[in-house]
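**Q** As you go down the protein sequences, you meet chains A and B in turn.
Quick note: the first sequence uses the working numbering, first residue 1, plus one each step.
Quick note: the second sequence uses the working numbering, first residue 199, plus one each step.
Hints were generated in silico from the structure; no laboratory data involved.
A portion of the hints provided could be inaccurate.
As a list, the in silico EDC-like pairs of lysine to aspartate or glutamate whose alpha-carbon atoms are at most 16 angstroms apart [stated by the list, open to error]:
(1) A:110 / B:568
(2) B:495 / B:520
(3) A:126 / A:89
(4) A:126 / B:562
(5) B:729 / B:591
(6) B:590 / B:600
(7) B:383 / A:134
(8) A:85 / B:562
(9) B:485 / B:509
(10) B:736 / B:599
(11) A:2 / B:459
(12) A:122 / B:562
(13) B:485 / B:568
(14) B:594 / B:737
(15) B:495 / B:522
(16) B:590 / B:623
(17) A:2 / B:463
(18) B:722 / B:733
(19) B:526 / B:509
(20) A:185 / A:168
(21) A:185 / A:134
Treat the numbers as computed from the prediction; the structure is a model and nothing was measured.
The primary structure of each chain is shown beneath.
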Amino acid sequence: MKPMRILFTGVGGQGTLTASSLLAQAALLEGKEAVMSEVHGMAQRGGVVESTVMFGGLRSPLISEGEADILVSFEPLEAIRALAKCHSEATIITNTVPIVPFTVDLGGPKYPDIEQAIERMKEGFKRVIALDAEEMAREAGTSRAVNVVLLGVLLGTGLVAIRPESMEETIRMRVKERFVEANIKALHLGLEAGRDTP
Amino acid sequence: MHPLLHSEPGTTMLLLGNEAIVRGAIEAGLKVGTTYPGTPSSEIGNNLFFISQEEDSPFYFEFSTNEKVAMEVAAAASASGLRSLCCMKHVGLNVASDALMTLAYIGTKGGMVIVTADDPSMHSSQNEQDNRVYARFANLPMLEPRNPQEAKEMTIEAFEISERLELPVILRTTTRTAHVRGAVKFGEPEQRPKEEKGKFEKDPRRWVPVPAVARVRHKVLLERMEQCKEISEGSRFNTLSGNGAELAIVSSGVASNYAFDAISELGLTERVRHLDLGFTHPLPRAKVLELLSGQGKLLVVEELEPIIEDEIRVICQEEGIEVEIFGKRSGHFSRAYEFSPRMVRQAIMEILHLEPTVERHTPDLSWIPELPMRPPVLCKGCPHRETYNAVKEALKEIGAEENAIYPTDIGCYTLGLLPPINMADYLICMGSSVGSSCGFSASTDHKVVSFIGDSTFFHSGISPLVNAVHNGHKFCLVIMDNSTTAMTGHQPNPGITLKPKGFDKPTVSIEAVVRGCGVRHVTKINPYKKKEAVETLKEVLAKDELTVVISEAPCILYAKRVKR
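Could you build all of it, start to finish, from the sequences and the hints given here?
**A** Quick look at the structure:
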């Protein structure tokens with residue numbers, strides 16, 4: 001596997017850390033080296049949660065400005081916030097369902113226009129996949145599977161050399177039994193979307 | 199069945215640095231583990247706790263009331279011949295430092311490992327102090343892992359070094375080694391009988407550091423650390439690679455990974471020589487000399503204080519070596535905040551005058567408007583929010599809100615500093631709400647209302663409360679008792695009434711402690727019963743004397759988890 005830096009971002013409680021560790025676990029199943037870093041503690045209380053997964057023998061667990069090859073964002077505002085971490089050849093995958101921070105109501109800056117922002121992203125980055133992952137998760141049977149939908153999209157793009165079967169196996173190992181089927185369905189909906197979205 | 203305890207030797211698992219330390223301790227035959235929780239060390243204690251709840255746990259574990267107690271418990275276990283580990287966040291070592299400094303003199307028997315988890319960039323801390331200083335201050339060996347596999351191996355080795363030198367060994371992580379996940383291969387755990395007990399052998403000339411003993415023991419410590427130099431010199435955790443003469447690089451901790459990636463990405467393997475340090479105190483002097491031999495330039499890659507940089511400066515002065523040293527003092531790196539891979543790469547490129555080759559193009563992002571911030575918040579339905587609102591309303595109704603100030607403490611409730619609550623005005627460290635309230639009471643005419651959590655109260659709120667009673671300070675202390683240590687991941691504390699399954703340690707009543715301290719006006723409120731709470735608070739807050747209000751309601755996340 002060639003060196004690859006993947007940045008996950010989202011809001012505390014969305015399952016960002018679960019998604020990145022599922023990805024690293026699936027890689028481990030295939031005997032591929034992965035290093036990941038996580039944010040714990042205070043930030044998890046509804047703040048921004050970032051994690052990284054690095055493949056291909058990289059030892060550094062962090063991603064500097066302009067270094068991410070792939071951004072997977074669980075929330076559109078957080079996708080915009082993380083863009084500076086990506087280079088022009090990067091692929092941006094983002095959920096389009098906003099979680100409006102409370103600071104907006106307190107007179108802080110406005111929540112940005114997401115449609116417009118996605119258009120601008122498409123101009124600046126190689127590939128942008130923006131979709132309503134929540135709707136897809138609901139279709140799969142649980143709105144909590146947004147993270148697995150997005151993992152599916154990521155694998156669907158073919159950018160990460162991990163077989164969907166390994167991810168399925170990881171989900172069976174790691175997810176509570178009664179949620180396994182919904183999560184596997186979510187994975188497949190994501191995979192299709194990743195394959196089909198240009 | 200806890201995977202860190204029960205997985206077969208030979209298994210490879212994806213572990214956090216913190217989990218790897220736990221596995222290392224198990225493989226090393228840990229018998230006593232202690233902690234006071236604090237990010238980024240918390241998962242060590244949490245996993246030790248969960249394992250200790252299992253029937254076949256090979257060790258005893260406790261959440262101690264604070265880090266100093268945790269260290270004393272672990273020290274006594276070691277003095278009795280058992281292997282012990284205590285872990286804490288960096289500022290926790292300040293609390294334990296009184297014990298640490300003299301423990302270094304009296305020493306240990308069973309291997310003892312002290313884990314300090316530093317937090318460069320202050321992801322969840324009030325400062326970013328560099329605890330490598332403590333290794334120098336106390337004069338104790340220090341190991342610093344660079345990845346989870348090494349965290350496990352170093353933990354095992356730290357126990358062995360501790361037993362060889364009869365000194366505690368400090369294992370220092372940072373957020374980016376504690377919370378990094380990587381593949382870890384499991385080894386064979388040391389089999390010791392589960393019911394094995396330690397035996398303390400009296401030796402007052404060793405264990406009781408009255409001045410006459412301490413004078414002798416300080417010399418012993420210095421001798422032992424001389425021996426330790428040889429261990430560091432031969433340690434497999436200090437590696438020299440590359441034979442290039444354009445630049446010498448020395449690195450430690452997570453920054454070693456950045457240096458490694460930069461050297462490989464810039465194609466410099468043949469052009470530089472790299473000393474990668476894992477055993478960082480004492481510094482392996484001969485290895486440093488080998489690194490510097492024939493070199494004109496040295497780059498020191500270490501986060502926070504220029505400790506290795508200055509130690510190498512001393513070596514150069516002593517040996518008459520002339521080498522240009524780049525690092526903190528040359529302005530290539532900052533003493534503030536954690537490093538990034540790019541920062542290290544750019545420093546190397548600048549010193550070697552390399553043209554940018556691996557820097558990728560980044561698109562124009564000037565279209566991005568100012569984005570709304572997303573600071574962490576109190577959870578929906580959190581009882582702390584209700585308590586804050588009730589206090590605010592009561593103060594308003596008695597006309598005291600304008601003049602009120604709110605010393606606060608460390609926990610989820612520190613988030614009360616954010617709007618619209620705005621009720622956190624002053625904070626230093628664990629327990630400072632109570633001590634600083636004494637000071638504000640003595641020096642101002644403000645209405646002082648301070649906030650502390652249940653766990654923090656037991657940690658270091660009691661002795662300043664006795665101070666308040668004895669010295670006649672006047673303020674209202676609100677103890678927000680949510681029956682858990684919420685911020686760090688819901689660890690039990692002495693006051694909890696809502697207990698995790700199978701946890702049957704006795705409860706120490708906060709009210710009884712407060713009354714025992716001599717506080718005369720103690721009241722309880724239920725923050726969810728707002729009307730009643732406000733009425734009670736109005737009465738309490740109108741008093742011009744020391745009062746304590748215990749606001750009781752379990753953390754909603756914790757309550758959900760316990761009921762599950």
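**Q** Could you run down the list of hints and mark each one as holding or not?
**A** Taking the hints in turn, this is what the structure says about them:
At roughly 8 angstroms between alpha-carbon atoms, residue 110 of chain A and residue 568 of chain B fall within 16 angstroms of each other, so this suggested pair holds. With a CA separation close to 9 angstroms, the supplied pair residue 495 of chain B and residue 520 of chain B stays within the 16 angstroms bound. The suggested pairing of residue 126 of chain A with residue 89 of chain A holds, with an alpha-carbon distance near 5 angstroms, which does not exceed 16 angstroms. Under the criterion of a C-alpha separation no larger than 16 angstroms, the hint pairing residue 126 of chain A with residue 562 of chain B is consistent with the structure, at around 13 angstroms.
Distance check on the hinted pair: residue 729 of chain B and residue 591 of chain B sit about 10 angstroms apart at the alpha-carbon level, within 16 angstroms; holds. Using a Cα cut-off of 16 angstroms, the hinted pair residue 590 of chain B and residue 600 of chain B holds, with the two alpha carbons roughly 10 angstroms apart. Restraint check for residue 383 of chain B and residue 134 of chain A: not satisfied, since their Cα atoms lie roughly 37 angstroms apart, outside the 16 angstroms limit. Our distance criterion of 16 angstroms between C-alpha atoms is met by residue 85 of chain A and residue 562 of chain B, whose separation comes to about 12 angstroms.
At roughly 13 angstroms between alpha-carbon atoms, residue 485 of chain B and residue 509 of chain B fall within 16 angstroms of each other, so this suggested pair holds. Between residue 736 of chain B and residue 599 of chain B, the direct Cα distance comes to roughly 11 angstroms. Compliance with the 16 angstroms bound is thereby established for this hinted pair. As the CA atoms of residue 2 of chain A and residue 459 of chain B are separated by approximately 13 angstroms, the hinted pair is consistent with the 16 angstroms bound. Annotation: proposed proximity of residue 122 of chain A to residue 562 of chain B holds, straight-line Cα distance about 12 angstroms (limit 16 angstroms).
For the hint linking residue 485 of chain B to residue 568 of chain B, the alpha-carbon distance of about 50 angstroms lies beyond 16 angstroms, and the restraint is violated. Of the pairs offered as hints, the one joining residue 594 of chain B and residue 737 of chain B holds, with about 13 angstroms between alpha carbons and a cut-off of 16 angstroms not exceeded. Taking the CA atoms of residue 495 of chain B and residue 522 of chain B, the gap is near 5 angstroms; set against the 16 angstroms cutoff, the hint holds. Note on residue 590 of chain B and residue 623 of chain B: the hinted pairing holds, with a Cα-Cα distance of about 14 angstroms set against a maximum of 16 angstroms.
Between the alpha carbons of residue 2 of chain A and residue 463 of chain B the distance comes to roughly 12 angstroms, so the proposed pair stays at or under 16 angstroms and holds. A distance of roughly 12 angstroms separates the Cα atoms of residue 722 of chain B and residue 733 of chain B; the hinted pair therefore holds under the 16 angstroms criterion. Pair hint residue 526 of chain B plus residue 509 of chain B holds up; C-alpha atoms about 13 angstroms apart against a cutoff of 16 angstroms. A hinted pair counts as satisfied when its Cα atoms are at most 16 angstroms apart, and residue 185 of chain A with residue 168 of chain A qualifies at roughly 10 angstroms.
With a C-alpha separation of about 13 angstroms, the suggested pair residue 185 of chain A and residue 134 of chain A falls inside the 16 angstroms cut-off, and the hint holds.
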